[in-house]
Every structure is written in structure tokens, then in C-alpha cells.
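Novice: Residue numbers (UniProt numbering): 1 to 301.
One should not assume that every hint holds.
To be verified - Each computed SDA-like pair below joins lysine to any residue, with the alpha-carbon atoms no more than 20 Å apart: (1) K60 <-> T179; (2) K175 <-> V61; (3) K25 <-> I85; (4) K172 <-> S111; (5) K25 <-> W217.
The set of hints was computed from the structure by calculation and includes no laboratory data.
It should be emphasised that the depicted structure is a prediction, and the values quoted were computed from it without experimental measurement.
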Amino acid sequence: MNQFRYSLFILIGASSYGFQASIVKLMTNAGYEAAHAASSQYLFGLLLLFIPFILTKRVKVNGKQTLSLFGVGILLSLTGVFYAISIQELSASVAIVLLFQFTWIGVLIESIYLRTFPSHLKIISIILLWVGTPFAAGVSPEGLGLLNNTKGLVYGFLAALMFALYLFFSGKAGKGVPTIQRSFIIAISGLLTTFLFISPAFIVDGTITDGLWKYGWPIGLFGVFVPVVFFALGTPHVDSGIAAILGAAELPAAMIGAMLIVGEQLTLGQAAGIVLILIGIGVPQWRSRKNVDSKKFSSSC
1 MNQFRYSLFI LIGASSYGFQ ASIVKLMTNA GYEAAHAASS QYLFGLLLLF IPFILTKRVK
61 VNGKQTLSLF GVGILLSLTG VFYAISIQEL SASVAIVLLF QFTWIGVLIE SIYLRTFPSH
121 LKIISIILLW VGTPFAAGVS PEGLGLLNNT KGLVYGFLAA LMFALYLFFS GKAGKGVPTI
181 QRSFIIAISG LLTTFLFISP AFIVDGTITD GLWKYGWPIG LFGVFVPVVF FALGTPHVDS
241 GIAAILGAAE LPAAMIGAML IVGEQLTLGQ AAGIVLILIG IGVPQWRSRK NVDSKKFSSS
301 C
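Let's have the full structure, built from the sequences with the hints guiding it.
Specialist: Structure, rendered in C-alpha cells:
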């Protein structure tokens, strides 16, 4: 049951990222720039984390723990920065497909770390995710024509690599640090990293009070508070390859969010892609649940 609960935490975190995309869409439709979304994501996420940070248990953090958590925050922030550049160079659907290469990259990183070959169920899962992602993202022939854009491809794969590394190290960084405190440090690192690429002038030039706050707080909620906290709860207890596969829930959530929040229509091809992704996510979970049930049966005998 505990393993299922930790997997559920990761699913919630990944789905939260997906719903955040719809809020960003509403924000850009209102006339704000994508840079405002990236920077306000961490600013408001940090503000939302501040109250639970001061109200919950905190421990003294040593230099090694701080550096490791800052590293995780940098990886998460760079994922967003590289993904934004990829979208500028390619179509959004192709950029999404490139980002979702983090699934097999995450399994590969885990295999290298453990020096073992991925299980056949993980391989089946990755294949299903590979097939389902282009359909769910709604990749068009015109979008595929942009694949000769080297800059877009490079930044798309860099975004995938950064997110795979984030999932891998999220469960290993800051051991012994309470979840909210870990999340708060990660958010600080993400905000500072974002400001290296995006000017923080919007904080003082009136953009926030003029209306950005209406979009900033839900983007911070779904883009930092919920996913960072729930990944911090789940990833230490789930192997990183499974965590990468569970992270693929972000795309179905983004499609459903676009339909419910933005009012976009879901095509039959996208629906089929979502079903394939969900099956791909469920395959390794079915195996682990089966193993748990077998152990319970053996112990009862």
C-alpha cells in the first residue's frame, strides 16, 4: 500500500504540471509574455510555500544538503527555460514530444546508476509512451517539418535531460530534511536560476498588481507548490525509472486541463494517445502491486 501511495504522490505532482500549462495558456491569451509565467511560477510558488515553511518542523541544514537541494532547483528551473526556448523554435506539440523523452532518459540514468538492464515491463512501458506521446500532443505534418531546426531540437532534448535528472536527484537530495523545508530551498534555487535568464523587473514595475497576480498564484500553486512537495514526498521511495514513467502523467493532465479550462477540443487521435500513455504508466505499477500481493499471500501461508 505504501508503494502505491508514493506512486500516487508522483502522479499528483506530474498532473499538477499538466494543469499548470492551461493556466499559462490563459495568461498568454490575456497579453502577458511567457517569461512572466516562468518567473512568476517560482515567485508565487515560493510565497505559497512560505507559510507552511514557518509553521512546520525545520532542521538545521548543512552545506552538503543545501548544495544538493539547490542543484535540484537549478535542474527544475533549467527544464522550464530550455523548454521555453524549444517552443520558440519549434511548434508546441513537437516541443512537448521532445520534452517527454525524459521518460526513457530517466530509465537509462537509473540503469547506468544501478548497472542493470531495464526490466522488460519498463521497456514495454517506454514503447507505449513513445507511441502515445505524438498522438496525445497532436503533432501535425507541419510540425514534423520543423525537426530540421537544430537549436529547437537541442534545447528540447536538454529540457528532457534536465527533467530526468531532476526526477533522479529529487529523491536523493537533502536526505533528512523535512518535505516543506526541502521544497522551500528548491523553490529559492529555482527562482534565482530563473532570474539569470529573465529580468526580475516585473516585480517592481507594477505588472503584478496590474493583473499578473491573478495568473501568478495558480501557476505557482500548480507549477511549484504541489509538484515540488509531492515529488519530494514520493521520489525518495520509488526508483527513479518508475518515477520518470509516472511523470508522463503530465501530458494527459495537460490535455484534459486544456479541454476543461481553456475549452480546447480533444481529437480522437489525442484521446487514443492519452489511453496509450495511461496504459504505459500502469504497466510497471501492475507488476509492483502484483509482487506486493504475492508477498502478502506468502506471509499469510
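Novice: Could you grab the alpha-carbon distance between K175 and V61 and see if it respects the 20 Å cut-off?
Specialist: Roughly 10 Å separates the two Cα atoms, so the pair holds.
Novice: Given the hint that K172 pairs with S111, does the C-alpha gap stay at or below 20 Å?
Specialist: Given pair K172, S111 holds - Cα atoms ~16 Å apart, limit 20 Å.
Novice: Could you grab the alpha-carbon distance between K25 and W217 and see if it respects the 20 Å cut-off?
Specialist: OK: K25 and W217 at ~14 Å, within 20 Å.
Novice: Verify the proposed pairing of K25 with I85, using a straight-line Cα cut of 20 Å.
Specialist: 16 Å, holds
Novice: K60 and T179: Cα distance at most 20 Å?
Specialist: Satisfied, since the Cα-Cα distance of roughly 13 Å is no more than 20 Å.
In summary, the structure agrees with every hint in the numbered list given earlier.
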